[in-house]
Structure formats: structure tokens, C-alpha cells
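Same order as they appear, the protein sequences are chains A and B. Residue numbering for the first sequence follows the numbering used here, starting at 650 and increasing by one per position. Residue numbering for the second sequence follows the numbering used here, starting at 654 and increasing by one per position.
Don't take each hint at face value.
Claimed, not checked - Away from chain A, derived, C-beta distances all over 12 Å, residues of chain B:
(1) V691
(2) T743
(3) P801
(4) N823
(5) E884
(6) V1041
(7) G1109
(8) A1153
(9) A1226
As the list claims (entries may be wrong) - Part of the chain B face toward chain A, derived, beta carbon under 10 Å:
(10) V959
(11) Q963
(12) T966
(13) S1033
(14) G1036
(15) S1043
I should point out that these hints are in silico values taken from the structure, not numbers from a laboratory. Remember, predicted model here, so these are calculated numbers, not experimental data. Glycine is no exception: its CB is placed at the ideal position from the N, C-alpha and C atoms.
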Amino acid sequence: MPARPLNRVCYVEDDEDIQRIVRMSLERVGKMTVEVVGDPTAAIDAMTKFKPDLVMLDWMMPVLDGPALFRQMKTRPETSALPVVFITAKAGQRDLDELVSLGAAGTISKPFSPKDLPEQLRAIWAKLP
Amino acid sequence: MNAPLADSATEVRNRADPRQVLADRVAQLYRQMPIAIVATFVAGGIATYELTGRFLTDLVKIWWAIVVVFTVAASALLLAYRRSGDKVGTAHQWLRWLAITALGNGASWGLAGGVFFRSLTDEQQVFLAFLFAGMASVGVPVYAASWPIFALYAAGILAPFFYILATYGNRLFIEIALLVPLFYAINVAIAYRLTQVFDSGYRLRHAYGRLTEDYSVLNQRLQGQLVELGEARRQVEASGRKLTLFAERSPIVVLELTADGTVTQVNHAAEILFGYAADELAGASVKRLVRPEYHADFDRQWAEMVATRQPATGLKIRTPRRDGIDLVCEWTVTPLVNAEGSLIAVIAQGRDITAQLEADRMKKEFTSTLSHELRTPLTSIIGSLQLVNSGVLGDVDKEVLDLTQVAERNGQRLLDLINDILDIEKIESGKLTLSPESIHIDELVRESMVLNKGFGDRFKVRFEFAGGSGWAVNADRKRMLQVMTNLLSNAAKFSPEGGAVEVTIGETGPNLKVAVHDRGPGIPENFRHRIFGRFTQADSATTRQKGGTGLGLAICKRLIEMMDGRIGFDDRAGGGTTFWFELPRQKV
């Protein structure tokens, strides 16, 4: 369990409505600081600036999807160590398991409950080394 | 060589029916009777004429009368014989009558000798002796078919004559008398020999008759077998034609191949599907119909099939059509092995599944789209409403809140329906995979009750856990929670307000049984048999009142069965229903 509590979260998501809900959920319910990135190709730069505790990636995004972005992050020293949680409506259990085995910290499936989302993230955070 | 031939002749003779042979001999005797009758009558007439008027006239007349009576009697016997029906069965009887007649005939001549001889002149005596010798000789051909009858007949003539001559007191006559038995013996011997010749002849005739009969029976049987063979050949030809027709008109591809994979025959469907004419494919390797990059795989599978002689099914092979477009066919390959165990041909039947694979791919894509494109907007809808309804954004007007709660609830219902449809689709297409782990059943039940507490509150129903156990099951945690959620929410929906839903854990044999008991109205009779079917609810009004998709129990049943368990329900004593499932238990 990391020494400090989960506070800064960066969320990469192309759907503006969901961006807004997640931001409200994490800020209002979870009392966290949130950076939302709508363009996945700009995500690594944003993360480098924002320095999040944890990154949430949407799976299905145009141009660069979540898993591809995740692999890019792994190649960059400034983002390779960041814990990543996937949030997706699509994948089957096997795909999620595969991501976890590749090094993802956890997965959250859509639709999620905005009431419970901060709690779910903190539970994943608590299991990190 | 002679001995076996003789043996076989004897054997042939012995095959004759003895009754038939006797009947033939009797018939021969009766055929000769007219000679005896005529000879007796004529010779008797001459003798009577010669002797009449000299002496003993009355006696001569009596003797003539005897000859006439004999002639009439013998003729009557002959007539009776000729008219008789069954000459084989009664042959013995006819032979006996003939013997009596022959003896009478002979004795009548003997009588003439005994009575008249001494009174005759020398010339007359010579005449009579000559007559006796002649009559005795006539008997040889007449009675040749039965030497004992001849012996009786000749004895009848010669015995009295012998006696007269022997006692005449004349040396010459005594010498003649001594010649009579010799003469008699020679004639009987000749008759005996003739009888044997007749007998053997008749036996041979019958034996060969029977052989001919056997031969004709054999011939008939052969003829019958020839007819059967012809019929069998026609049937084989007919099934051959039928088979050819089946292959030729079949909508699936049929190829006949040799053991080394050379095509020998193709049907019309193959020509149409692959775009090659039959004689372009025949004689070439079947690998022309396999994409080159799969040749190695093909060779391996073919070698295995040829080695094991086992048919193979469901082989999917990608084939380049003549115009270069790829097809995928599913093949059933059957080696034809003859009685000696050698491979004589290989029959390959193929079905074009290109369109089916495309349809499967599209279905998968559709399911994926349904999953993503419907759930993403629902995430926004339900998420927004949840944030509003939770109060974190501040107080909301009561009436607005009522409506946003309705919207959230129905959004959730829509989401449940989508999830259930996706689940049942995954289960039925065999794509649902379980991740079994050892689960402590007490913990699972408690967790499910906590998760569904909110749902229970909505219907003002409590969940109560009545007793636990130290058992575990090997099951998929997420899917087990899904099953429990279904059973608990069903129970809550149908329980009276303020009631309790009890959950118990028990054991039945090697299984662990989890039961959810409610005090609801029970399951209507007409609904019981289809309660685990798809899209089933007792009545459609229920859906509107209580929510639910009608897929929940169908999914539960399939999930529990995938985990080697079973699911069911019973009426609960005192009213209500108990839904239960059983899973093989593990000791923790």
C-alpha cells in the first residue's frame, strides 16, 4: 500500500459527457484532483506535466486506443511507473485479465456508479505496492 | 480304375427303389401273359383234337374245359391287372396271383400227362412229350422276370410226366425220365439268370431315372440361384446408380481421392463451387484446392488419416477458387477400407462455410457494438442521474428528485436488459468462459445480501441468513454473485412488504445446497414448466410492476449447469416459494 493517499488522478477519455461525470464523481464524491485529457495523443505530455498518482484510461478511443496508449506509456520513463486503471464498456473478462497481466493496476467496467467510483479506485490504490 | 467304376455302378444300382423294381418285373410278367394264354389255348385245342374220339372222351372234354377255364381265368386276371390303379404298392399281390395262375397252367398240362399218357399210342406219346417240352420251353421267356414262377409252372408240367415215365416199366422211358429233371434244372437255371438280368436292368433304369431327377432338381436350384444372382446384380447396380445420383445431385462437394491424394472423381457441386471442370481436377493432387501456406498442415493431417484409417470431420480448409477468391470449406473425410484392410479410396465431402464464418464475424461485431454503443451512453445517463440523486451536488426539489429517480431506475433496467441479453448470447454461443476458484459459500451469500440490500429496501423486504456451513465450492465468484442477485431480487420483488427473505445453506449428498425462501404468492401452475426459459414472466403486467427482463432465471440455470450444479424450486410449507441451487462441495 502506497504511503500517501490517492489524490491526483489523470483520466484519458474522448467522450465529453463521461469526462464530466467522472470529474464530478472524483472531485465531489472522492475529493480528488482530476486532470481530464480528451485527446489520447496528447495524454503523455499532459501526464508529464500533471504528475498524477494514478492514470485512468478509456479502452475505446479514436486514433490511439487505451491499450496502445498504455504500451506507449510503458516505453517512456516519465510515465512507465504510473499505475494504470482501464475503464471500459467493451472487453470480455479475458481481455481485462490480459491487461492486468501486462501490468495494469486494475479494471473498472462501464457503466460504473459515480457514487462508488472513488471507492473503487481507492481499493485498487490500496492493493498497489 | 475298374474297381471304383464297378463300385460306382453298384452304388448307382443301389439307389433304385426296390418296390419300383419289383413293380417293373411284375409288369413285364403280365406283358408276357397273352403269349402264355394263347399258347395254352392253341396247344390245348390241338391236343384235345388229337386225343378226342379215341378213348376216354369224357375225360378229354373235362380236360379241355379246364384249359378253357384257365384261359378265361388268366385273361380275367390280365384284364384286372391292366385296369388296376396302384401297380407299385400292390405288386406283391399281383405276383402271387400270377404264381397261382402259372402253377394252375402248368398243373393242367401235368394233369393231361398223368391221365392220358399211358393210354396213348407210341406216336401220340411222342406228340405229347413234344408238346410238354414245348410248353415248358415257352415258360422260359414268359416267366423270365420271376424264376420261382417259372419253376412252379415247369414243375407243374414235368413232375407228373416224370412220374409216369419213371414208373412205365420201359427202359427207354426210364432213361427219358432221368433226362426230365436235368432238362428242368437247366431251364430253371436259365430262368434264374434271366431274372437276374431283368432285375439288374430295372434297377439300373430306376437308378438312372433318379439320377436324372436329382440332376433336374439340381438344375432347377442352379436356375433359381442364377435368377437370385441376377436380381442381386440389378440391386447392386441400382444402388450404384443411386449413390452416383446422390453424389452428383448433392448440394455439398463430393470428391473421390486415392490414398496419395490424387482426385479421381468430383461431383457437380465441386465444379460449381471451385470453378474447375471435373476433368481439370481429376488426375491432379487435391492440394490444388488448398492454399499453399497450409500445405504442410494438410500433409500432416492427411498422413495421419491414411495411417489411422479414421474418418475426420469438421476440417476447415481455405481454398483458392479458380478466380483467386478464397473460400473456407468444412470437410468430412472418410477413408474407404476393404475387407483386407487396405485403403481403396478416400471420400471427401465439403460444405462452403465462407458465408457462415462471415455471418459469425458480423454477429460478433454486432454484439460488440451493442455492448459498447449502448452501454457508453447509458453510463452517462445513469451516472448523471446517480450524481444528482446522491445529493453530492446539493439539494434537489422533491418533485424533480422523484422524476430523476424514475429515470435512474429505468436506465438501470435498460442496462440490466442489455447485460442479460449479452450474457445469454455469450452462454448460448459457448463464448462465456468461467474463472472458477474456491469460494467460501458463507462469505459469498453474505456479500450477495449486502450488495442487494438496496434492492430489498426498495421493496421493504429484509434478507436474513439462517445458519451457515464450513463448506466451499469451486465456482466463478462474479457469476455466483449474479445468480444470488437474481434469486434475492426475485424473492424481494414477490415478498409482501415488511416480510423477510431467508437464505439457508445445507448439504444434500456430495452437494451443497443454497436456498432462498420467500413468502410470496407462489408460482402459478401454468408457469412452472417454463420458468427457466428465456423471456418468461408469469404475466406481462409483472414486468411493468416489478421490473426485470425475464432472462434472469434462464441465465441462472445455464450458469449453475456450467458449474456442474443444478437449480430448481419448491413450494414452501406455509406459503411462498423456495428457489435453490446445488453445487459439488469442497471441504475448506
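Now for the hints, and whether the structure bears them out:
At roughly 125 Å, the least C-beta separation between V691/B and chain A is larger than 12 Å, which holds for a residue marked as non-interface. Listed as outside the interface, T743/B is consistent with that label: its C-beta sits roughly 105 Å from the nearest C-beta of chain A, beyond the 12 Å cut-off. At the 12 Å boundary, the C-beta of P801/B stays outside the reach of chain A, the nearest C-beta of that chain being 115 Å off. A cut-off of 12 Å between C-beta atoms confirms that N823/B is not in contact with chain A; the least separation is 147 Å.
For E884/B, the non-interface assignment is confirmed: its Cβ lies about 64 Å from the closest Cβ of chain A, beyond the 12 Å cut-off. The claim that V1041/B is not at the interface with chain A is violated, since a C-beta of that chain comes within 12 Å of its own (minimum 10 Å). The beta carbon of G1109/B is kept farther than 12 Å from every beta carbon of chain A, the shortest such distance being approximately 18 Å. The claim that A1153/B lies off the interface holds: its Cβ sits roughly 27 Å from the closest Cβ of chain A, which is beyond the 12 Å cut-off.
No Cβ of chain A approaches the Cβ of A1226/B within 12 Å, the least distance being about 39 Å, so the stated non-interface status holds. A hinted interface residue such as V959/B counts as satisfied when its beta carbon comes closer than 10 Å to some beta carbon of chain A; here the least separation is about 38 Å, so the hint is violated. Checking Q963/B against chain A by beta carbon gives a least distance of about 33 Å; that is not within 10 Å, so the hint is violated. Annotation: interface hint on T966/B violated; nearest CB of chain A at approximately 28 Å, more than 10 Å.
Interface restraint check: S1033/B against chain A, minimum CB-CB distance 4 Å, threshold 10 Å, status holds. About 4 Å separates the beta-carbon of G1036/B from the nearest beta-carbon of chain A, less than 10 Å, and the hint is met. About 5 Å separates the beta-carbon of S1043/B from the nearest beta-carbon of chain A, less than 10 Å, and the hint is met.
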